[in-house]
Amino acid sequence: MTGTIFDVKKYSIHDGPGIRTTVFLKGCPLRCIWCHNPEGQLMSAEIMFFSERCTACGNCLSVCPNQAIILKDVSHESGRVHPNQSVVLEDCSPGMNRVHPNRSIDLKDNSPDVNRVYEIHTLREKCIACGACVNVCPSGAREVVGRVATSHELICEIMKDVIFYDSSGGGVTFSGGEPLLQPDFLLALLKECKEREIHTAVDTCGFVRWETLSMIVPYTDLILYDLKCIDAGLHFELTGKRNEIILENLTHLSKTHSNVTVRFPLIPSINDSDANIVSMGEFVSSLRGKGVSPHIDILPYHKMGADKYVRLGRVYSIPDTPRPTDEMVHAVRERLGKLGLETGIGGGGDDKKSSPA
Amino acid sequence: MTKRVLLLREESLRAKPYISTERAEIVTEAYKNVKDLSWPVTRALVFKALMEWKTVCINDGELIVGERGPGPKATPTYPEICCHSLNDLEVLDSREKISFAVSPEARKIYKDEIIPFWKGRSMRDMIFAQMTDEWRTAYDAGIFTEFMEQRSPGHTVLDDKIYRKGLFDFKQDIQESLAGLDYVGDSHAYDKREQLVAMDMCADALIRFARRHAEKALELAEEEQDERRRAELAKIAEICSHVPAYAPRTFWEALQAYWFVHVGVITEYNTWDSFNPGRLDRHLYPFYKKDIEEGRLTEEEARELLQCFWIKFNNQPAPPKVGVTAEESATYTDFANINLGGLTQDGLDGVNDLTYLILDVIDEMKLLQPSSNIQLSAKNPDRFLRRALRIVRKGWGQPSIFNADMVVQELLRQGKSLEDARCGGTSGCVETGAFGKESYILTGYFNIPKILELALSDGIDPRTGMRLGPATGCPAGFESFDEVLQAFKKQLDYFVGIKIRGNNVIERMYAKYMPTPFLSLLIDDCIKKGMDYHEGGARYNTSYIQGVGIGTTTDGLAAIKHHVFDEKTLTMQDLLQALHSDFEGHEAIRMRLVNSSPKYGNDDDRADDLMAWVFQQFFNSVEGRPNTKGGVHRINMLPTTCHVYFGSVCGATPDGRYAKEPLSEGISPVQGRDRKGPTSVMKSAAKMDHALTGGTLLNMKFTPKILEGEEGIINLAHLVRSYFKLGGHHVQFNVVNVETLRAAQEDPEKYKNLIVRVAGYSDYFCDLAKALQDEIIARTEHVSF
Numbered sequence: 017m018t019g020t021i022f023d024v025k026k027y028s029i030h031d032g033p034g035i036r037t038t039v040f041l042k043g044c045p046l047r048c049i050w051c052h053n054p055e056g057q058l059m060s061a062e063i064m065f066f067s068e069r070c071t072a073c074g075n076c077l078s079v080c081p082n083q084a085i086i087l088k089d090v091s092h093e094s095g096r097v098h099p100n101q102s103v104v105l106e107d108c109s110p111g112m113n114r115v116h117p118n119r120s121i122d123l124k125d126n127s128p129d130v131n132r133v134y135e136i137h138t139l140r141e142k143c144i145a146c147g148a149c150v151n152v153c154p155s156g157a158r159e160v161v162g163r164v165a166t167s168h169e170l171i172c173e174i175m176k177d178v179i180f181y182d183s184s185g186g187g188v189t190f191s192g193g194e195p196l197l198q199p200d201f202l203l204a205l206l207k208e209c210k211e212r213e214i215h216t217a218v219d220t221c222g223f224v225r226w227e228t229l230s231m232i233v234p235y236t237d238l239i240l241y242d243l244k245c246i247d248a249g250l251h252f253e254l255t256g257k258r259n260e261i262i263l264e265n266l267t268h269l270s271k272t273h274s275n276v277t278v279r280f281p282l283i284p285s286i287n288d289s290d291a292n293i294v295s296m297g298e299f300v301s302s303l304r305g306k307g308v309s310p311h312i313d314i315l316p317y318h319k320m321g322a323d324k325y326v327r328l329g330r331v332y333s334i335p336d337t338p339r340p341t342d343e344m345v346h347a348v349r350e351r352l353g354k355l356g357l358e359t360g361i362g363g364g365g366d367d368k369k370s371s372p373a
Numbered sequence: 002m003t004k005r006v007l008l009l010r011e012e013s014l015r016a017k018p019y020i021s022t023e024r025a026e027i028v029t030e031a032y033k034n035v036k037d038l039s040w041p042v043t044r045a046l047v048f049k050a051l052m053e054w055k056t057v058c059i060n061d062g063e064l065i066v067g068e069r070g071p072g073p074k075a076t077p078t079y080p081e082i083c084c085h086s087l088n089d090l091e092v093l094d095s096r097e098k099i100s101f102a103v104s105p106e107a108r109k110i111y112k113d114e115i116i117p118f119w120k121g122r123s124m125r126d127m128i129f130a131q132m133t134d135e136w137r138t139a140y141d142a143g144i145f146t147e148f149m150e151q152r153s154p155g156h157t158v159l160d161d162k163i164y165r166k167g168l169f170d171f172k173q174d175i176q177e178s179l180a181g182l183d184y185v186g187d188s189h190a191y192d193k194r195e196q197l198v199a200m201d202m203c204a205d206a207l208i209r210f211a212r213r214h215a216e217k218a219l220e221l222a223e224e225e226q227d228e229r230r231r232a233e234l235a236k237i238a239e240i241c242s243h244v245p246a247y248a249p250r251t252f253w254e255a256l257q258a259y260w261f262v263h264v265g266v267i268t269e270y271n272t273w274d275s276f277n278p279g280r281l282d283r284h285l286y287p288f289y290k291k292d293i294e295e296g297r298l299t300e301e302e303a304r305e306l307l308q309c310f311w312i313k314f315n316n317q318p319a320p321p322k323v324g325v326t327a328e329e330s331a332t333y334t335d336f337a338n339i340n341l342g343g344l345t346q347d348g349l350d351g352v353n354d355l356t357y358l359i360l361d362v363i364d365e366m367k368l369l370q371p372s373s374n375i376q377l378s379a380k381n382p383d384r385f386l387r388r389a390l391r392i393v394r395k396g397w398g399q400p401s402i403f404n405a406d407m408v409v410q411e412l413l414r415q416g417k418s419l420e421d422a423r424c425g426g427t428s429g430c431v432e433t434g435a436f437g438k439e440s441y442i443l444t445g446y447f448n449i450p451k452i453l454e455l456a457l458s459d460g461i462d463p464r465t466g467m468r469l470g471p472a473t474g475c476p477a478g479f480e481s482f483d484e485v486l487q488a489f490k491k492q493l494d495y496f497v498g499i500k501i502r503g504n505n506v507i508e509r510m511y512a513k514y515m516p517t518p519f520l521s522l523l524i525d526d527c528i529k530k531g532m533d534y535h536e537g538g539a540r541y542n543t544s545y546i547q548g549v550g551i552g553t554t555t556d557g558l559a560a561i562k563h564h565v566f567d568e569k570t571l572t573m574q575d576l577l578q579a580l581h582s583d584f585e586g587h588e589a590i591r592m593r594l595v596n597s598s599p600k601y602g603n604d605d606d607r608a609d610d611l612m613a614w615v616f617q618q619f620f621n622s623v624e625g626r627p628n629t630k631g632g633v634h635r636i637n638m639l640p641t642t643c644h645v646y647f648g649s650v651c652g653a654t655p656d657g658r659y660a661k662e663p664l665s666e667g668i669s670p671v672q673g674r675d676r677k678g679p680t681s682v683m684k685s686a687a688k689m690d691h692a693l694t695g696g697t698l699l700n701m702k703f704t705p706k707i708l709e710g711e712e713g714i715i716n717l718a719h720l721v722r723s724y725f726k727l728g729g730h731h732v733q734f735n736v737v738n739v740e741t742l743r744a745a746q747e748d749p750e751k752y753k754n755l756i757v758r759v760a761g762y763s764d765y766f767c768d769l770a771k772a773l774q775d776e777i778i779a780r781t782e783h784v785s786f
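Protein chains in written order, with this note's numbering: chain A, 17 to 373; chain B, 2 to 786.
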């Protein structure tokens, strides 16, 4: 069994209990405007370019089978010529210009004019993420994000840290992207983990068919369920999809699974209105049943993903949104507390939880 | 912290180390007056002169008294071991780091009295004169260092005997041993008598030293205006009249008894690894408990006494070092390292109330000396570990954390009894010893990457073009990776042999010319055997060689195997050319070596198996080879600062390291090459068989963010426990602050393994783009510590 993943992180300590390994599956049905893992959205592999590592050796230019990597002459743009350079290569991204001193391009043909300034551009529409450029990049400035992995190989990787899970009550968390977009692969992984007595968690946005979600329930010890907002129209605006199915699934889940944690990404002036907080609180309170505890983990917004957009050649649509202040987070917790809900920050431990007001 | 402690701490921190010639003058005078006596008795007379004539110093407000020099940070010299030249004094005075002020008077005394007497007679001069050409060549090339060229062998730690017995009891033991001498059947009976007589003289000398403090305290009391201080001085006088002559009766007396013994040891010689009380919480607990129960002491008074005790350590910088010794141990720290927790002699949980009080003291004092560590057994409670980690989180590196169960296992493997093993611990940096019963001498660091360099150059030092090692073949002609390994092994065995031959000469020189009768009093079974500590009087005698740079060596071998032999993407010729030119014009090759070779520290068997191989070769080469004290040579894996010096004599290495750059330190991965998080580093490090060593050193670096909250502490505790389950010996944590992060931005290559809390997981700081780094820097600044 194979699937597409984009990362495996060890010593993950905020996505479920204890010390965990988090496996990130690639592909997501939503396009949340604040998404901090944009490389997890598409199912297919992509190239990430780390301009700060680039030594401007030029290897990548000549090997691309699709001519997707080009030198763009930007000498006409003012203020870009470095006084001490004959050839200056810069990343195309605003704010990330980086001069690489004492490097010169050595191309077999088409040697660039030494008195001009160039940028390396990856033409995303031509790039098929074949990885030819990655293989010749000596400094690791180009990475393919997303690769096909076998369940066997992943299980081996997960099992490497078993002693840490045993000590800490940790295990494995499948995240993404949306792990349920690859249901058979996920199910196979979960089953293999359960056979090995590894604690399992799945981090989902809930936008999948109930049949799919219900399939993994018996093999998942903890479900981390993301809720962004209750209003379907707003949800569409923020994520590209309406949320009826998400709310329905959570309702079903509350009756069939014994350990679900609702997580709420709090984005200032985007989903932090009192109306949204109240309806979130009321909705979660109404689920008091077998599995969903009257509890919400707040995930305060951060800008961690912003640079990844640049590396993927995309635009981050909310660059000016600030992180929520401690006061703001506190106020939301109070508000939810009044509705009879416990709250926590992140996926963290007990110390950060508060009781209902 | 009380006002008294605040003031004393402030004074200790403010005092600048300076050279005091008092000891050198007394010793020189004593040697001049001694004629035709045995060496042990000569040294006893020297010790007696020191205890009789050195300045007695009682600082304002202090409760524990006794300084090594005439005042805080007044640092004596040991011309009988290493006689500094006028030029050395100038270097000590003027160097930028670890300097010691040298007054014009001190220089004059050295010029007129000390140098004329000791030149050519000091151990340093005698040792270098005795070493063979091949030893000298290897030493000069930086293949190994020599611990005893400027400092006397020490490396031992005290057990509980001085808390049970006074020096009069020791004298009684000496008399019994003397009475049992068999002048007919034992051809060494005379030597033993001389040794025992010398020990007896030293016991008297320390008692005299303590009583001089009692006299001084009474003198001061008479002049003292403040009534409270007058009473304290009277109390100090009473205590100094009682200990160390008699066994201590109270907590205060126990601390003072240890301190006199400590000053005695570090005045007799400039022992490597200073000296240290070892399992302090265990030794003091009976006194603490009894004093509290009987209403003689409050917890706060105990805290203040401990804090005064801490300051005494901080007042004694490591004696001045020059040359290679200064490079391998560039610090003022004299490596007294307090052990807490661990097991009792019966194998039970050794943590008690005092353990926590001492952790508080470490936390509050925040002093570089004494160093501190916790001995963590599976039997110790988690709250003990968590309390220690909350101090670690503050980011100044103390306490370090040891696996007490592994320490016991190491000692048992070496043949110590179970009780002796359980009462052992670690000292210096990470060195395992049977406290009170073992002489475990570190003899020198060993440059493992230099061995690889020689294996890749047919035994010729590329730096100088000189032949150093045996001809092991031109590597361009090697047809298999195994030939590389064989060449490495031959070079390794050759230089280990040279080092050990040198060690065995130096050991005998110390045994013969520099016996240590005072230290011998304190370590079992010197009295019983009538034999000096340097001669083999201790119950256990181990000589260590410390391997440095195993990470660099492993990654170098892994890169050769991967690129040259497995993937065949690089010829040996091209690799060697790139190395010889320090990658000048070969940056693309360097980048490949750095970015696409297996690296130790990532739980990747392709590299880790080679680490285990290198380790095993080093072990096989050293382990079990006899020393001259009835014991054997063994290995441990630590560098102090020697990985910097050793790096400076190594050319470029196949892992992509530039010439002269530092090597990897301890058993830590090469700086910046561990890319898969802390669990992977620990998994890799645990593939070394730590039980075969006398200590390994693993450094890890965290940002405060990852350790935030109780959850951060709990997970760090699990991390430590897991590493110890895997058989790790030691781990210590760097928790870095915002300045370091800024430096990391300036020089990311160097800080590649810095881990930060990102979002729902953790990541390497340098993997994050500048904007994200800026955001994290902004966040970290909100953390106050």
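One thing to keep in mind: the hints can contain errors.
Claimed, not checked - Here are the simulated lysine-lysine pairs, DSSO-like style, with alpha carbons at most 30 angstroms apart:
#	chain 1	residue 1	chain 2	residue 2
1	A	176	B	112
2	A	25	B	706
3	B	706	A	319
4	A	210	B	688
5	A	319	B	4
6	B	33	A	176
7	A	25	B	751
8	B	36	B	530
9	B	98	B	33
10	B	380	B	395
11	B	490	B	513
12	B	702	B	395
13	B	513	B	491
14	A	25	B	688
15	B	530	B	98
16	B	4	B	530
17	A	176	B	380
18	B	661	A	176
19	B	98	A	25
20	A	176	B	706
21	B	661	B	530
22	B	702	A	319
23	A	207	B	661
24	A	25	B	112
25	B	688	A	176
26	B	36	A	210
27	B	706	B	726
28	B	395	A	319
29	B	33	A	25
Read the hints as simulated data drawn from the structure, not as lab findings.
Hint check against the structure, violated hint numbers in rising order: Violated hints: 1, 5, 6, 9, 11, 13, 15, 16, 18, 19, 21, 23, 24, 26, 29; rest satisfied.
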